[in-house]
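So the protein lines, in turn, are chains A and B. Residue 146 in the numbering used here sits at position 146 of the first sequence, and the numbers go up by one each step. Residue 221 in the numbering used here sits at position 221 of the second sequence, and the numbers go up by one each step.
Read the hints as simulated data drawn from the structure, not as lab findings. There's no promise every hint is true.
Per the computed footprint, the stretches of chain B lying under chain A, defined by three or more beta-carbons under 8 Å from a beta-carbon of chain A, are [as the list claims (entries may be wrong)]: (1) 86-93; (2) 101-111; (3) 157-171.
Pairwise CB distance ranges (calculated) [to be verified]: (4) Thr-61/B to Arg-105/A: 55 to 63 Å; (5) Asp-138/B to Ile-103/A: 50 to 58 Å; (6) Ser-79/B to Ala-68/A: 22 to 30 Å; (7) Ala-120/B to Val-75/A: 50 to 58 Å; (8) Thr-61/B to Ala-190/A: 50 to 58 Å; (9) Ser-31/B to Ser-138/A: 37 to 45 Å; (10) Pro-10/B to Arg-235/A: 51 to 59 Å; (11) Tyr-67/A to Thr-122/B: 39 to 47 Å; (12) Leu-48/A to Asn-81/B: 51 to 59 Å; (13) Val-86/A to Gly-145/B: 26 to 34 Å; (14) Glu-247/B to Ser-153/A: 40 to 48 Å; (15) Lys-154/A to Asp-9/B: 49 to 57 Å; (16) Glu-180/B to Lys-154/A: 34 to 42 Å.
All C-beta atoms, glycine included, are put in the ideal place defined by N, C-alpha and C.
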Amino acid sequence: MSGVVGATLAGALGCAGLPADWQFVCQNADYLAGGLVLTVALTIASLLLGFAAGFPAGAIEVYGSRYAKLAVESVGVVLRGTPIVVIFIFTFFVFPVTTWFPIHRVLPVSDAFIAAVVGLGLRSAAYQAQMFRGSLQSVDAGQMEAARAVGLSKVEAIRHVVVPQALRRSVPGFQNEFTIVLKDTSVAIAIGLAELLTRGQELFVQETTAVTEVILAISAVYFVLTFGTNRALDRLNERYAIPEEA
Amino acid sequence: MNEATNDTDPLLSVESVSKSYGDEQVLSDVSFEMDRSDVTVLMGPSGSGKSTMLRCVNRLTEVDSGEIRLGDMVVTDPSTNVDELRRSVGMVFQDINLFAHLTALLNVTLGLRKVRGMDAETARSLGVEHLERVGLGDQLDSYPGELSGGQKQRVGIARALAMEPELMLFDEPTSALDPELIGEVVEVMRDLAAGGTTMLVVTHEMGFAREAATDAIFLEDGRIVEDGPPEQLFENPQKDRTAQFLERITSMYDS
Chain A
1 MSGVVGATLA GALGCAGLPA DWQFVCQNAD YLAGGLVLTV ALTIASLLLG FAAGFPAGAI
61 EVYGSRYAKL AVESVGVVLR GTPIVVIFIF TFFVFPVTTW FPIHRVLPVS DAFIAAVVGL
121 GLRSAAYQAQ MFRGSLQSVD AGQMEAARAV GLSKVEAIRH VVVPQALRRS VPGFQNEFTI
181 VLKDTSVAIA IGLAELLTRG QELFVQETTA VTEVILAISA VYFVLTFGTN RALDRLNERY
241 AIPEEA
Chain B
1 MNEATNDTDP LLSVESVSKS YGDEQVLSDV SFEMDRSDVT VLMGPSGSGK STMLRCVNRL
61 TEVDSGEIRL GDMVVTDPST NVDELRRSVG MVFQDINLFA HLTALLNVTL GLRKVRGMDA
121 ETARSLGVEH LERVGLGDQL DSYPGELSGG QKQRVGIARA LAMEPELMLF DEPTSALDPE
181 LIGEVVEVMR DLAAGGTTML VVTHEMGFAR EAATDAIFLE DGRIVEDGPP EQLFENPQKD
241 RTAQFLERIT SMYDS
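Only chain B is shown next, with the shape it has when bound in the complex:
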């Protein structure tokens, strides 16, 4: 995946992105960059624009102004083929959104067959491989309704991963899960981060952010309040607002 020629350019660059819904400014002038194998965590109170930011990257939401680039692709250019873009960007949802009528394996292979045009046999073996990678090699034929929340989200990760995207987006992947099921999902995400997957993650999992992230961004009211390496942001925040927010979620998660 790492082409030598591209190594110096950022994989993802977000430049002055703004977005509003009616009178509500959801994102104002947001800019950041990600290199390959970076793991960037987006944090902030609800309504701060984190999820919107994520959705702008694969154009589930369109920006009002600003530019997003992914490799050579100008994401925000209206002439960019969204289906092609989405082939390069995997997404994991808060609501998981597994295809309810398909088994775990078929959830993973649908995109492989219909988007990447693989034959059933190749898709199957790749699907099995990715489900094994998230520890679900024994649940290939289970339907989403038969899986626990944590297992479902792991299938969701495998489904996105199997497409071999250049960038993985995680939109609060553990927020809808029972507390005891969060660990297994975070563990899979940690493994991915360690394996060099480029990840943009909206989460409040401080443990994950501390251990796995290369960058952390604190958003509020659609603006970047502060960003930097997680150790700096978490241990020595420069802005009061960041400190306050971190204190609140830390006490919430530690209790």
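Pulled out of the complex, with its shape left as it was, chain A reads as follows:
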């Protein structure tokens, strides 16, 4: 692990004058920041994987053939019904994904990171599929009919008329999903990934009087991330809202 006493961030913060345990947190700000980077990267990668797999899955649940639906729904039920720790144990220990896809040899990430992304990403896909299924179904059937009547094929109608409206309606659900995935990255502590919570734990094990301070500091970081991103998504929602009567 890199130096426990960070120089840059801690220096910038000016940790002197703080109570001892807060000073400890402050001095290790760089170390925690490293965990934060990992947490953010894990969240983004998982949500992207979740979208890449979840959106088509949701579309299949609405438009797919009977068997395709059945397959997607079954996988979804299993993923949504399994605790995230158990999913991690599978992706890391039981069927380590990096055995088949040694991505960690190409990218500067650990095998635990890959296992966590796959675990969180697949589970997020299962939830995002439900979200997109709901928003696709919420688009009035008349929209599809009108699009078909103009001469668009079913796929074109879905792409140009239904999906643009469904995506807009998905933003609030996506805000929830983002918040859940962000916080659940902390469960990657179970497979030793050095994300924010894991690093926090390493710190308070070293300095047992600072448990509360470390945990509070970490919580504040999670809060700022969830709050800030949710506000940004609120903006996005307003920005792309379909104009209604003035």
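Go by the hints and put chain B onto chain A.
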């Protein structure tokens, strides 16, 4: 649009069309024809099969038996490309169904670009032209949610019209509108009829039917009770049932 060679053949021919949903017979043995520039009005009590008849023409609904032809195309032939068919048939809906996420102009140009393959510039100028034709040249960038019901339906008409269809279908285009907004939509439809657009219209707008229609068909329980020129059907109906129905809607609309 009027090709000399086709002038003698009907543009639309509906022959012995039947359709049922489960036990419910929605259309029984319906036959009629339309020439180019005809305006045919379909009337009848709710549940009489008018809308189903209309939807069979662009295959939003499939017939059980019978044949529909549009020009050279056998509409009811399963091998007929529905997307191609729908390029030749415009439809205006009771629920209007404008694309909610698109401005008035983009509602009109979507089909032009994606179906007729026009570039954005050509589609835009054609879209503007058609919106101006329905009196909405000043609402190009308004979203459906920002328009009144009458304006929305006029965009709906422009959207269908811009595709330059051979036949326009109107499925109760004014039924969902506030009474004071019906006039502007009917006016646009009158202009189209006068301009030679071939129109098959499900409506109870007697004024429109009287002035603009070339034919009127009275449907009940999926059967044609009576058809003929509107003046004959309205002034001198041959069947009691037609007379009763007309009396009822006339008193309703005149009150």
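**Message:** Taking the earlier hints as the rules, which of them does this structure contradict?
**Reply:** Violated: hints 7, 12, 13, 15.
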